[in-house]
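Enquirer: Once you have looked at the hints, place chain B on chain A.
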Amino acid sequence: MSDTWIILGATSTIARVMARQLAEQGAHLVLAGRDMGDLERSASDCSARGAASAQAVAFDARDPESFEGALALAETAEGAVNVAVFVGSMPPQEDMDADPGLIAGVVTDSFTGPAAFLTRIAPLMEARGKGCVVGVGSVAGDRGRLGNYIYGAAKAGFHTYLSGLRNRLGRSGVHVVTVKPGTVDTAMTWGMEALPFLAPPEKVAGDILRAVEKKKNVLYTPFIWWPVMTVIKSIPEGVFKKLKI
Amino acid sequence: MRWKTDTYTGWGRVHGATGALARPERASALEALIAEEPAPAIGMRRSYGDACLAQDRRAVDMTRLDRVLEFDGETGALHVEAGARIGDLLAVFAPRGWLPPVMPGTGFATVGGGIAMDVHGKNHHHAGSFGQHVTEITLMTGAGPRVITPEADAALFKATVGGLGQTGPILSARFGLLKAKGDVMVVTERRVKDWEQFLTLLDGSDATYSVGWIDATARGPALGRGILEEGETGGGLIKPAKRSRKVPFDAPGFALAPPIVRAFNQAYWRRVPEAGRTSVKRIDDFFFPLDKIHDWNRLYGRQGFHQFQCVVPLDQADALRNMLVHIANSGFASPLAVLKRMGPGRGGFLSFPMEGYTLAVDFRNRPGAVKLINLLEGMTEQARGRLYLAKDALATTGRIRAMYPDHGAWLAEVLAIDPEGHFATDLTRRLKLRETT
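These protein sequences, in sequence, are chains A and B.
So the first sequence is numbered by my numbering: it starts at 1 and just counts up by one.
So the second sequence is numbered by my numbering: it starts at 1 and just counts up by one.
If we strip away everything but chain A, and leave its shape as in the complex, we get (with noise of 0.2 angstroms):
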């Protein structure tokens, strides 16, 4: 019996490879969003690579009536049944910083959002006794930068809060593993300048899948950005505060 994956923001660049690698796993997936279109078209792709099965289904982080259809294919699915979390939003801090109406949408979709859907889904898991959930966060919300703070702490929040759930589900056999991934080769990057250690979405995907078989609890990817936000995190606040990076 296949696993089946339901997976939050499936149009992102590096779950869309997750998801490629899953299928030839043979799992199931529900490739959850909101642009139907790209979804469906993912999920043919899946079909045809060797998922069991593969179908989209519309979800909306900012419209909690939006998640009854994942998660009543969660009720249906049988065996396993693992989350993958890859949404969230990133507005230039100069938009955000004109207009702070903004806060609660990019809140909503790297942290709240998510958080309610996994709130919704726990039970379920916890009665199954197995699964795991995988958390997106990034590095970017291990410390409050001046270039994108409001994103950098939805993304913190989302860490505790996986934290948190980690410290719950693992009582009952569900793993959960916090991802924070460095500056990746996606459609959000494209275009950035000076991107250091930019990786390929396929190297971050096989990573996570790597991390989920090991039980990991974070993982950082590529690795390098472990012991480059170790430095960061270790900066005092005083030095840091006068620091732009």
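Do not rely on the hints blindly, as some may be mistaken.
Here are a few chain B residues that sit away from chain A, every Cβ distance over 12 angstroms (derived from the structure) [unchecked claim]:
| id | residue |
| --- | --- |
| 1 | GLY16 |
| 2 | SER28 |
| 3 | VAL80 |
| 4 | PRO95 |
| 5 | GLU136 |
| 6 | PRO252 |
| 7 | GLN266 |
| 8 | TYR268 |
| 9 | ALA319 |
| 10 | ASN322 |
| 11 | PRO335 |
| 12 | GLU381 |
| 13 | ASP406 |
| 14 | PRO419 |
Just so you have them, the derived chain A footprint on chain B, three or more residues with Cβ under 8 angstroms [to be verified]:
| id | region |
| --- | --- |
| 15 | 54-68 |
| 16 | 181-190 |
Simulated from the structure, these hints should not be mistaken for lab results.
Even for Gly, the Cβ is constructed at its ideal location relative to N, Cα and C.
Expert: Frame of chain A, contents of chain B only:
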């Protein structure tokens, strides 16, 4: 952000460009882009010359639009996005007994590129060109996707197949995969002692897949010697692929000095026993032998290289032999040289194939080699042959016009769909392909 300024090159690394690139991941993103800021589509940049370049202009990298949209396991009918790589399709479908109908020498080529160049493969004599297998193309136009078929849109279809991308970006295409016996190849290699024997063997071969490696440095009685490879698909078990390797730096100039190439070719030829041999190979090793070495184009050094590829009619085999004499005497040839008999199959107005013999030889880029290629191009024209635009970096407008008599029909369609020249590339500008006179 939609655009990113980058510097990139054709596979031969002689021509390069700096320009703005977009890389849409969704059909809707491509649609918006073509409606607002139309630009030519490029794929994995495996064209050797400047067909995939747009200096100081915009271009659309299609490689992230690479999904399988539909596959019918009964008939083999496939619908894929244009950025899908042909080698990727082989890897996905060969284990289930289906092969892309035509595969060029590299699996990195995309479906869109395969259509735009109307590529051929080792089965051209039986199966025709790639474009001949395509039953439907979805073009992205300023007004949204437009589906064209060979029946309903005959002229536009023939201007798109082999059409160098000038009718606009291809979003997706439908074609049938071919049923194969299995996902391994049974390959027979024969040592060929000279030119005459090569032609006799090529003319007599009825193998599904065939290709000749030719020692372009052999002279005198050994002129035209080489190895004929014939392949059939089969079932069986075989070791998994070794990891691919990468060429980490540009090779120094002396790596391809004539004595080294001659010695290499001698050893390569003798590798096959005199009596020939039959062996079982991995399917991708047979079709894409060089793909295991990533960035092998760096072996030619920083100046890059040219691939000369022509086809001449069957009755012009002597002209081809003369070209080989010039090449062998020059000492410029690299070990990469291919001779093959082509069938008549071609799908578009500007498609390369014609019934005859095709010769492809790589040369490191230097003045002597460029002069030699000019000479070979003239000999091709005289022999009523044709140069391959996917490889070309040096030809002139007049010569290409003479070789492609259907240019006018192609241009009429191109000007109708893209009158402002948004989809022009460095190749179409260099060869003035979009000008009427």
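Enquirer: Are the hints correct? Go through all of them and say.
Expert: Structure-based check of all given hints:
no.: 1; hint: GLY16; verdict: 20 angstroms, holds
no.: 2; hint: SER28; verdict: 7 angstroms, violated
no.: 3; hint: VAL80; verdict: 9 angstroms, violated
no.: 4; hint: PRO95; verdict: 10 angstroms, violated
no.: 5; hint: GLU136; verdict: 16 angstroms, holds
no.: 6; hint: PRO252; verdict: 30 angstroms, holds
no.: 7; hint: GLN266; verdict: 41 angstroms, holds
no.: 8; hint: TYR268; verdict: 34 angstroms, holds
no.: 9; hint: ALA319; verdict: 46 angstroms, holds
no.: 10; hint: ASN322; verdict: 48 angstroms, holds
no.: 11; hint: PRO335; verdict: 32 angstroms, holds
no.: 12; hint: GLU381; verdict: 43 angstroms, holds
no.: 13; hint: ASP406; verdict: 35 angstroms, holds
no.: 14; hint: PRO419; verdict: 29 angstroms, holds
no.: 15; hint: 54-68; verdict: holds (count 3)
no.: 16; hint: 181-190; verdict: violated (count 0)
The structure is inconsistent with the numbered hints 2, 3, 4 and 16, although it conforms to all the rest.
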